[in-house]
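Just so you know, the sequences run in chain order A and B.
FYI, our numbering numbers position 46 of the first sequence as 46, with every residue one higher than the one before it.
FYI, our numbering numbers position 22 of the second sequence as 22, with every residue one higher than the one before it.
These aren't lab readings, by the way, just hints derived from the structure by calculation.
Possibly wrong hints are sitting among the right ones.
Claimed, not checked - Which residues of chain B face chain A? A partial, calculated answer using Cβ under 8 Å:
#1 Glu14
#2 Tyr18
#3 Val19
#4 Glu20
#5 Gly42
#6 Pro43
#7 Gly53
#8 Phe65
#9 Pro105
#10 Gly111
#11 Ser115
Ideal Cβ positions, reconstructed from N, Cα and C, are used throughout, including at glycine.
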Amino acid sequence: AQTVTQSQPEMSVQEAETVTLSCTYDTSENNYYLFWYKQPPSRQMILVIRQEAYKQQNATENRFSVNFQKAAKSFSLKISDSQLGDTAMYFCAFAYSSASKIIFGSGTRLSIRP
Amino acid sequence: GAGVSQTPSNKVTEKGKYVELRCDPISGHTALYWYRQSLGQGPEFLIYFQGTGAADDSGLPNDRFFAVRPEGSVSTLKIQRTERGDSAVYLCASSIPGQGVSNQPQHFGDGTRLSIL
């Protein structure tokens, strides 16, 4: 079975600092997608960034970037110049290219201090 | 444009009662998903619809849970004989069809918080 592990239940950094959230996953497949979702108190899951496993280049979206290490099955999220609005739960997630469901990790609660 | 809409936002009911949770997907999204998020956990997949049919219901925990999507748009998640362990946030998501469902991002609603007393 596929699993997604987030080993940091909580993290806290000062505004404008850089923070890295860790994620590891387990699969025997070669083609899949990895995601980072943000969930603020409003409960809505918001897609932050997505990585296709067949792409070697790490995905970036403005202040958000990933470090995808396929051999190590690691997928960390780096948030640069953190802002107060980045405070939320962050979920690492996995899905097969042709599958329907997304498998989520248990989340990391990120707090940005002013 | 309008996002995924879920109603009610909150539902409190007594153990043993029947509940229905509604999801109105983004217009034109033929794929619809239900997830359950227990306190302090990530969402867990329940069921996936492509059009009117359930393409994958492997996440439904038992036969007390059932979902329908009769016209390929709005979906209803139904829970019979509710138990306290059913208390959770139920999330709905939708996406447009594509080559491999995971190619298209799933757009989530705000969820329904279900509390069983």
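Taking the hints in turn, this is what the structure says about them:
1. With its C-beta approaching chain A no nearer than about 24 Å, Glu14(B) sits outside the 8 Å limit, and its interface hint is violated.
2. Annotation: interface hint on Tyr18(B) violated; nearest CB of chain A at approximately 24 Å, more than 8 Å.
3. Hint status for Val19(B) relative to chain A: violated, with the closest Cβ pair at about 18 Å, above 8 Å.
4. The beta carbon of Glu20(B) is not positioned within 8 Å of any beta carbon in chain A (closest approach about 19 Å), and the interface hint is therefore violated.
5. Checking Gly42(B) against chain A: minimum C-beta separation of about 3 Å stays under 8 Å; hint holds.
6. Taken as an interface hint, Pro43(B) checks out: its beta carbon lies about 5 Å from the nearest beta carbon of chain A, inside 8 Å.
7. Evaluation of the Gly53(B) hint against chain A yields a violated restraint, the C-beta minimum of about 12 Å exceeding 8 Å.
8. Here the hint on Phe65(B) is broken, as its CB sits about 15 Å from the closest CB of chain A, past 8 Å.
9. The beta carbon of Pro105(B) is positioned within 8 Å of a beta carbon in chain A (closest approach about 5 Å), and the interface hint is therefore held.
10. Taking 8 Å as the C-beta contact cut-off toward chain A, the hint placing Gly111(B) at the interface holds, the least distance being around 5 Å.
11. Taken as an interface hint, Ser115(B) does not check out: its beta carbon lies about 14 Å from the nearest beta carbon of chain A, beyond 8 Å.
The structure fails hints 1, 2, 3, 4, 7, 8 and 11 (numbered hints given earlier, in ascending order).
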